[in-house]
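K.L.:
Here's the letter readout for the chains.
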Amino acid sequence: MSGIEGWETVVGLEVHVELATETKLFCGCRNAFGSEPNTNVCPVCLGLPGSLPVLNRTAVEYAMRLGRALGCRVEASTFARKNYFYPDMPKDYQVSQYDLPINIDGVLELPDGFRVGIERAHIEEDTGKSTHIGGGGRIHDAAHSLVDYNRAGVPLVEIVSRPDVRTADQARAYAHELRGILLATGVSDARMEEGSMRVDANVSVRRVGDETLGTRAEVKNLNSIRSLGRAIDYEARRQVDLLEAGDRVVQETRHWNEADGRTHTLRSKEEAYDYRYFPEPDLVPLAPDADWVNRVDAALPLLPAARRATLAGAAGVATADVATIVDRGHDDLAREAIAAGADARTVLNRVGNDLAGDLGALDAAGLTALVALETGGDLTATQAKAVLAEMVTSGRAPTEIAADLGFEAMDTGALESVVDQVIAGHPEDWTQFVEGDDKARGKLTGFFVGLVMKATRGQADGKAVTALLRQRAG
Amino acid sequence: MSAREIAAAVRAGERPAREVLEEHLAVVDARDGELHAFNLVLADEARAAADVIDDRVAAGEDPGPLAGVPVALKDNLCTRGVATTCSSKILEGWQPPYDATVVARLAEAGAVLVGKTNLDEFAMGSSTENSAFGPTRNPHDPTKVPGGSSGGSTAAVAAGMASVGLGSDTGGSIRQPAALCGVVGMKPTYGRVSRYGLVAFASSLDQIGPITTTVADAATVFEVIGGHDPLDSTSIPRPSPEIMATLGDGVAGLRIGVIDELMGAEGMAPDVLARTLEAVAALEAAGATVGEASVPAAVYGITAYYLVAPAEASSNLARYDGVRYGLRVDAANTADMNEASRTAGFGDEVKRRIMLGTYALSAGYYDAYYGKAQKVRTLLIRDFEKAYEEFDLLLSPTTPTTAFPIGEKTADPLTMYLNDVCTIPSNLAGHPSMSVPFGTGDDGLPVGVQVLAPSLGEDTMFRAAAVLEGAAP
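Protein chains in written order, with the numbering used here: chain A, 1 to 474; chain B, 1 to 473.
Looking at chain A on its own, in the form it has when it is part of the complex (with noise of 0.2 Å):
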């Protein structure tokens, strides 16, 4: 999105992630999505009286590792009680880290160099989900409420940014990034749909060259990286027009509804809660040596920044289907295609935009070999498109498939034919060919390749049309 003239908009981030262990991070619960509602619940995460909390250690890795991935240190942490009535948090209280968190200082680099500070990132419990049937829909005007605990103590890691983000772009880019961070490292499943990545945004305009932050207000209910934008672009409108008004930002919480576009007043300053935040006493502190920090640095996978490297290394270029390849995870395939002598753009080109979802039965040989069919002419682009699709479903060896399909190279002698003919039936346009500067000429170059694929029925190569018509015209 553009900018407002004169100002600058400033995006801090907050992300919460639910891990993806096997059990929730207090007691031995299945820790799974769309169960019976009051499933997967015990006396602890239902904080009966009595019980009593124990850390996950898998939860602690996961968020270990997730640190790690985003460049922070891990530290000795504890756990504090944050204290609010709320019916679908158990205990009236949510465990989470507060003054000391796991994670510190940590940075996240989108994929155009931009590097967004990481200022935290936290492991907290979820809370249950509430339904409230009836009156508006909401807590206070419900003829009454359902309450499913099965969320109650799922893991959460918070990730908090610093304030470095400056457009709805990067804020995309930003949740698109770390989602794939989340997916490489296995922590989470990340779907913003089922809730498992939530993103909320703390925005704030700014004139141009002030150096002090404007005030806040945070934007909740993203449920999708294109609210986010849209969200973000609102909310920096709505600020703008209202300091050029003259009036004010008034520090707040503001919901975002996806239906009419805004953000509405959720809860102001005033209303906000006293979470009486004190140590956990339940809990002891979180201290990981510097083994386990070492052993979640050693299994750490290859990250999409670095996957991009390497595969715009070994393809030597950087072109944007090497983010999409990374994104889809066919980066591994690409390389031993490349690795095996396939032509690299061609790769790029195929695996970037012919391969949308799963592989199938496709394998780098199988890749290597269809370029080598393209790059030497044997088959069109066209055709290798038909080609591959067919490899990922059958498996088969692209040369059988495009004999399958009727795909042959047309040799030279029938192609130079084709386009003479071609040429004698349109001698007035040829005419405009041969003499027309460079402008009508490409523009030509494509109404003669488009008449003679016609009458080859796409058999012919492009590139190779192109050649005789230039050759033709002298």
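By construction, these hints were calculated from the structure, which means they are not laboratory data. Keep in mind it's a predicted model, so treat the numbers as computed, not measured.
No farther apart than 30 Å at their CA atoms in a straight line, the calculated lysine-lysine pairs in the DSS-like style are these:
id, chain 1, residue 1, chain 2, residue 2
1, B, K386, B, K375
2, B, K89, B, K409
3, B, K89, A, K129
4, B, K351, A, K82
5, A, K443, A, K385
6, B, K375, A, K82
7, A, K82, B, K372
If you anchor each label on the Cβ, the simulated ranges turn out as follows:
id, chain 1, residue 1, chain 2, residue 2, range
8, A, G135, B, Y365, 29 to 39 Å
9, A, E36, B, E34, 44 to 54 Å
10, B, T303, A, G246, 46 to 56 Å
11, B, T378, A, L213, 31 to 41 Å
12, A, E258, B, T303, 46 to 56 Å
A virtual CB, placed ideally from N, CA and C, is assigned to each residue, including glycine.
For chain A, the structure is supplied; the task is to place chain B on it using the hints.
P.N.:
Below, chain B without anything else, positioned relative to chain A:
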């Protein structure tokens, strides 16, 4: 007959557990109408459990070190399928789906559960008068309080309605009633007994411990319920404590310090001081070196305690909101329902402490109150450390006075709070301490002497307690 004697006789097949139980149930029938030690007597379940013990003995099995011992449980310890009320209306109708770790360990050791005993609501009090179900009375003089908050378990043991009681001690709630009822009460090192299944009052202070008629019984029960529990993260990773092996070793060569600041504490009665000095003399006569110890921060204990404990309680008791279990008073919306339920469900003292604690944790006040109180705690631990460089054990009265009349202090919370001046420091420091009966006051009511030890010093502490028990007038 002590718990150890009962278990020995039952294990040997000399006395049926059922017969032992019936004797105790007879005392319940005779006295509990007046004393009100129990919220719930589980006579039928107890009879069935006793019969099982007898069957096992008959089959040649050993039911364990507490075979056939009738036990009274403070009603803030969770019992599977049996109402656990904390003597509060707010838990009306709630039955835990699980047993506290200590309850499971007692059962494994062959103990027979007689019933659930009265307490100050959520263990907040020093007289067992703050119960939604009415006060418990002192078996030695029913016009007097039994102390609290574990007054029910203590009165049950003192009256012979149970051989062993379990209590919880947050600021003296085991030791103070033990002193006022003339029995032994012991608070372990923090983390030595699992808190899993103990309904929390102040999590960083709460410990479960035994109430018994003899020091050896307390040691045996402590051995049974103590030891690491993976369900409690604050549980110390050590096996079950070994106390009995050295219980009779005496105090010869031990250095025992009398805490100066507590001997001179506000409201300390002369007769209690006199018994304490006699206890010191008895230890000296048994070969200990005695001297005056100084723990200057001990006198600030009450102030720090009444910030830390209510702060934690305000959070621990938030879950009683009418949503999931216990009392619900319906209202127009959820927030009003929460408020109406809590207003109807909690008694005055609980409300007072929730408000105190909420205030102490509030933005802008945290540093001045909760933060400062935690610093006092650190200071106190340092003072204790210093004192323990010079002494192996410390000594003080358990309470400033003998049992006081029912109703005397209910109107004045601050006077009531002063009752715990000697017991609170051990909770704040996480140290073990125990009260041993040592004669009577001018009114003929029991006096208790408190033995204090550093962390994990229970074995030495019990040796001194055994000497005091032998020397008691």
